[in-house]
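The hints should help you fit chain B onto chain A, whose structure is shown.
Residue numbers (the working numbering), protein chains in the order written: chain A, 1 to 394; chain B, 1001 to 1113.
Errors might be hidden in some of the hints.
[What the hints assert, rightly or not] Residues from chain B that keep clear of chain A, each with C-beta distances beyond 10 Å, as calculated: (1) Met1001; (2) Thr1005; (3) Phe1007; (4) Ser1056; (5) Leu1059; (6) Val1063; (7) Thr1064; (8) Gly1074; (9) Gln1083; (10) Thr1092.
[To be verified] Covered stretches of chain A (in silico footprint by chain B; criterion: 3 or more residues with CB under 8 Å from a CB of chain B, positions within the stretch not fixed): (11) 275-287; (12) 301-308.
In case anyone wonders, no lab produced these hints; they're calculated from the structure.
The C-beta atom is built at its ideal place from N, Cα and C for all residues, glycine as well.
One-letter residues, chain by chain:
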Amino acid sequence: MRILIAEDEFDSRKLLSRKLRAWGHEIVEVENGAQALEILQREPISFVISDWMMPQMDGPELCRCIRSAELNRYVYVILLTAKDEKSELVAGMESGADDFMVKPFNNDELKVRIRAGERVLKLERDLDERNKRLRDVYSVIEKDLEAAARMQKSLLPNKSTEMRGINFEWLFLPCTFVAGDIFSFYPVNEFYVGFYQLDVAGHGIPSAMMSVTLNKILAQSSVADSMVKRSLAEVPYYEIVPPATLIFDLNQRFQMEDDAMQYFTMVYGLIDLRNKTLQLSQAGHPSPIVMRHNGESKAIGTGGFPVGMLPDLEYENTEIQLHPGDRLFVYSDGITECTNSERKPFTEERLMAHLEKERDRPLKEMLASLKESLYQWRGSRDFEDDLSVLAIEV
Amino acid sequence: MAFATTFVDDVFITTVTSPRATVDIANKFKRELLQHLDNGSRHGVVDLSDTEFIDSAFLGALVTALKRATARDGDILLVGLQQPVKAMFELTRLHRIFQIHETTQSALKSLKP
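With the rest of the complex left out, here is chain A (with noise of 0.2 Å):
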């Protein structure tokens, strides 16, 4: 092992140097702290044995430097005192020395006390290494998150869309780096158009997982055989499904194995754009809420089933007819179990509440100002929980 010996009295340093060589070590010696410093900014020596008193820098405050320099690893320092004063010994501790010794000593002292050191230094370097993996690990795992993150972000509709005279808008605030809401519209055909948002229960990656498997399916609108629409021997050779029914199907393909725990909550909706009906089914989801354009809000829909928990379970459909003006506000329980400081929720009454009073402002602007609404609630922008409303406009 390689010794720095820092000591200025050169029969003292000469001793100690030629009893270190004999033991098979390589020694450095340098006459004071300062010089010490200097060659351990340089040459990469983990053990330095100090006197304790020395001109420019003595062997406390060389110790203090050592531990202040934010060298790339650990270095041992052992005191040499000519006295054995406890408060000395505190004060050099103080300062951050490992190990003192009390001159004059005798070998076999001399040869526990480096071998303990030797001790250490392994542990300390063993500890490194293994630190170094997991960040390593760690910034593996950091950018697979991010990436999947971005991957369920594009599959998020544009923002502000008018789709056949109706207007979708929407807020979306993730909990951490991925997330387990995810919503959509699209024309089914020339005459409807569907929606959904669903919440698939816990966080991170599997519940992403799940998440994008679910929008890949439910994406599927312009397939003639698929969840949304079934095919048919006659013209026009499929038919619409419809949402109860299109959710009794998920429910039945996506039978959560035991210990997974893995099922949704969800809204699925259609809308007739001829009659401006919507039909929708609820399941495990919050129910919606509907504000008529010269009337009031309401939450609607008959509950239901969360998806994955139970199989062979009916949903039922809600029908009701929406006038030009109507909105409707599809949402996850991120945003109504949202907690302040005081872990009290922002509930369902809180958001009518200032959906109510935005009433007036176009759809845009009044998710903005929800989205503000719900920082100042949370008093920050870290949620516990994935946040999400899907806004219609007829």
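What follows is chain B alone, placed relative to chain A:
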């Protein structure tokens, strides 16, 4: 601990002591119930009297336990649902799947042959 279990004969009674029954404790809670079912309890009672809020992850844990219990001819009964918890069960229709009782006594009584 967010919940505690006692036994009356071979029926386990798990009381959720946390006011928030959520994703944070759902997995542990599920393992607890499954363990009692695997250790020979056919029936279980879950007391939610102290719970003010329940999320979908926790509901999932309850359903998982119910599935295992019913597969072995047993049951999981719920007692002491506060208003917000009751609302969540109604929204998700799970009040039609679980037997729900006002008190542990009446739940235990319903399990007697």
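Checklist entry - For Gln1083 (chain B), is the shortest beta carbon distance to chain A beyond 10 Å? => result 13 Å, holds
Next on the checklist: So is the segment 301-308 of chain A in contact with chain B by the C-beta rule, three or more residues under 8 Å, or is the coverage claim wrong?
Outcome noted: This one holds; 4 residues, not fewer than the three required, reach chain B with a Cβ under 8 Å.
Next on the checklist: Minimum C-beta separation from Thr1064 (chain B) to chain A exceeding 10 Å: can you confirm that?
Outcome noted: 6 Å, violated
Checklist entry - Going by Cβ atoms, does Thr1092 (chain B) stay more than 10 Å from chain A at every point? => result 4 Å, violated
Item to check | Given as non-interface: Thr1005 (chain B), which should sit over 10 Å from chain A by C-beta | outcome: 20 Å, holds
Checklist entry - For Gly1074 (chain B), is the shortest beta carbon distance to chain A beyond 10 Å? => result 15 Å, holds
Item to check | Interface exclusion of Ser1056 (chain B) relative to chain A, criterion Cβ beyond 10 Å | outcome: For Ser1056 (chain B), whose nearest Cβ neighbour in chain A is about 5 Å away, the distance does not exceed 10 Å, so it is violated.
Checklist entry - For Met1001 (chain B), which was marked as not at the interface, is the minimum beta-carbon distance to chain A over 10 Å? => result Check passes; 19 Å lies beyond 10 Å.
Checklist entry - Per the stated criterion, does the least C-beta distance between Leu1059 (chain B) and chain A lie above 10 Å, as a non-interface residue requires? => result Violated, because the least Cβ-Cβ distance between Leu1059 (chain B) and chain A comes to about 7 Å, which does not exceed 10 Å.
Next on the checklist: Can you confirm whether chain B covers the segment 275-287 of chain A, using C-beta to C-beta distances below 8 Å and requiring at least three such residues?
Outcome noted: holds (count 3)
Checklist entry - Phe1007 (chain B) clear of chain A by more than 10 Å, beta carbon to beta carbon? => result 24 Å, holds
Checklist entry - Does Val1063 (chain B) sit more than 10 Å from chain A, CB to CB? => result 5 Å, violated
When the structure is compared with the earlier hints, violations turn up for hints 4, 5, 6, 7 and 10 and for no others.
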